[in-house]
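*Asks:* Now for the letters of each chain:
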Amino acid sequence: MILLLSSIAATLALISTILVLYEKDVAKAVVLAGVESVFYALLLQVFLAPDLLIAYVGIGLGLNTVVLLYVLTKGERYEEA
Amino acid sequence: MIEELLWYYIGFTILLTIGFSIYGIAVRPHLVKKMALFTILGDAVYVLLVYLGYTLNSTNPPVIPGGSLENPVFSSKTDIQRFIGSTVDPIPQVFIVTAIVIGLAVFLLLAIVSLRIAREYGTLITTKIREVSGDE
Chain A
567 MILLLSSIAA
577 TLALISTILV
587 LYEKDVAKAV
597 VLAGVESVFY
607 ALLLQVFLAP
617 DLLIAYVGIG
627 LGLNTVVLLY
637 VLTKGERYEE
647 A
Chain B
208 MIEELLWYYI
218 GFTILLTIGF
228 SIYGIAVRPH
238 LVKKMALFTI
248 LGDAVYVLLV
258 YLGYTLNSTN
268 PPVIPGGSLE
278 NPVFSSKTDI
288 QRFIGSTVDP
298 IPQVFIVTAI
308 VIGLAVFLLL
318 AIVSLRIARE
328 YGTLITTKIR
338 EVSGDE
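Chains as they are written, first to last, in our numbering: chain A, 567 to 647; chain B, 208 to 343.
If you are wondering where the hints come from, they were derived from the structure by calculation, not from laboratory data. Hints are supplied without guarantee of correctness; some may be wrong.
[To be verified] Estimated spans, in silico, between C-beta atoms of each pair:
| id | chain 1 | residue 1 | chain 2 | residue 2 | range |
| --- | --- | --- | --- | --- | --- |
| 1 | A | Met-567 | B | Arg-326 | 48 to 56 Å |
| 2 | A | Tyr-644 | B | Glu-211 | 39 to 47 Å |
| 3 | A | Tyr-644 | B | Met-208 | 21 to 29 Å |
| 4 | B | Glu-211 | A | Lys-594 | 34 to 42 Å |
| 5 | B | Leu-222 | A | Gly-628 | 34 to 42 Å |
| 6 | A | Tyr-644 | B | Leu-263 | 44 to 52 Å |
| 7 | B | Ser-293 | A | Lys-594 | 37 to 45 Å |
| 8 | B | Gly-329 | A | Asp-591 | 39 to 47 Å |
| 9 | A | Val-604 | B | Ala-306 | 13 to 21 Å |
C-beta: ideal position from N, C-alpha, C; glycine also.
The whole structure should be built from the sequences, with the hints applied where relevant.
*Replies:* Here it is in structure tokens:
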């Protein structure tokens, strides 16, 4: 049962990664990377590593998103491809 | 049976995530998107290592039993056997606590270099940087 939940979370993280890869708006891509980080935090809890969860949610969801959005304000928002 | 199938499916999905993020770092031109995919690559590697340390019948985090004031160390051999039989492998988790912090340092270094590039060339897209700087 818990493995079913974690396999759903891994699938959604893979889908988020593919959406980040093919998204033209980079701000949306940064937010989708944060969503992917939430699913990986869920996987860490399922794999019984709550100490990693504490460090990972603060860094992966909070600090990475803020720093990436700050760098994005200094350049173009949309990428041509 | 179904548990083992789900188990292999999770590993396969994490490996696919690593592959897609390496492909994105190689082909996407925007520097911020490269950095976001770099963080995704690092996170997938962390989750893959924790996944390798997990055992299917484990129920507890790797915390030593008998840590109370009256009983500060392992009390008997059965405690140790129960600890080994019901917890995950703690070694990958210990490695990854270090790896998260080093990944944060590398990420902040990349962010500072990207800010410097944006100030110097006025753009964050690598093909435009090549046009502006005039190199072939």
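*Asks:* Each of the hints needs a verdict: does it hold here or not?
*Replies:* Now for the hints, and whether the structure bears them out:
| no. | hint | verdict |
| --- | --- | --- |
| 1 | A:Met-567 - B:Arg-326: 48 to 56 Å | holds (52 Å) |
| 2 | A:Tyr-644 - B:Glu-211: 39 to 47 Å | holds (45 Å) |
| 3 | A:Tyr-644 - B:Met-208: 21 to 29 Å | violated (48 Å) |
| 4 | B:Glu-211 - A:Lys-594: 34 to 42 Å | holds (37 Å) |
| 5 | B:Leu-222 - A:Gly-628: 34 to 42 Å | violated (27 Å) |
| 6 | A:Tyr-644 - B:Leu-263: 44 to 52 Å | holds (46 Å) |
| 7 | B:Ser-293 - A:Lys-594: 37 to 45 Å | holds (43 Å) |
| 8 | B:Gly-329 - A:Asp-591: 39 to 47 Å | violated (20 Å) |
| 9 | A:Val-604 - B:Ala-306: 13 to 21 Å | holds (20 Å) |
In this structure, the earlier hints numbered 3, 5, 8 are contradicted, and the remaining ones agree with it.
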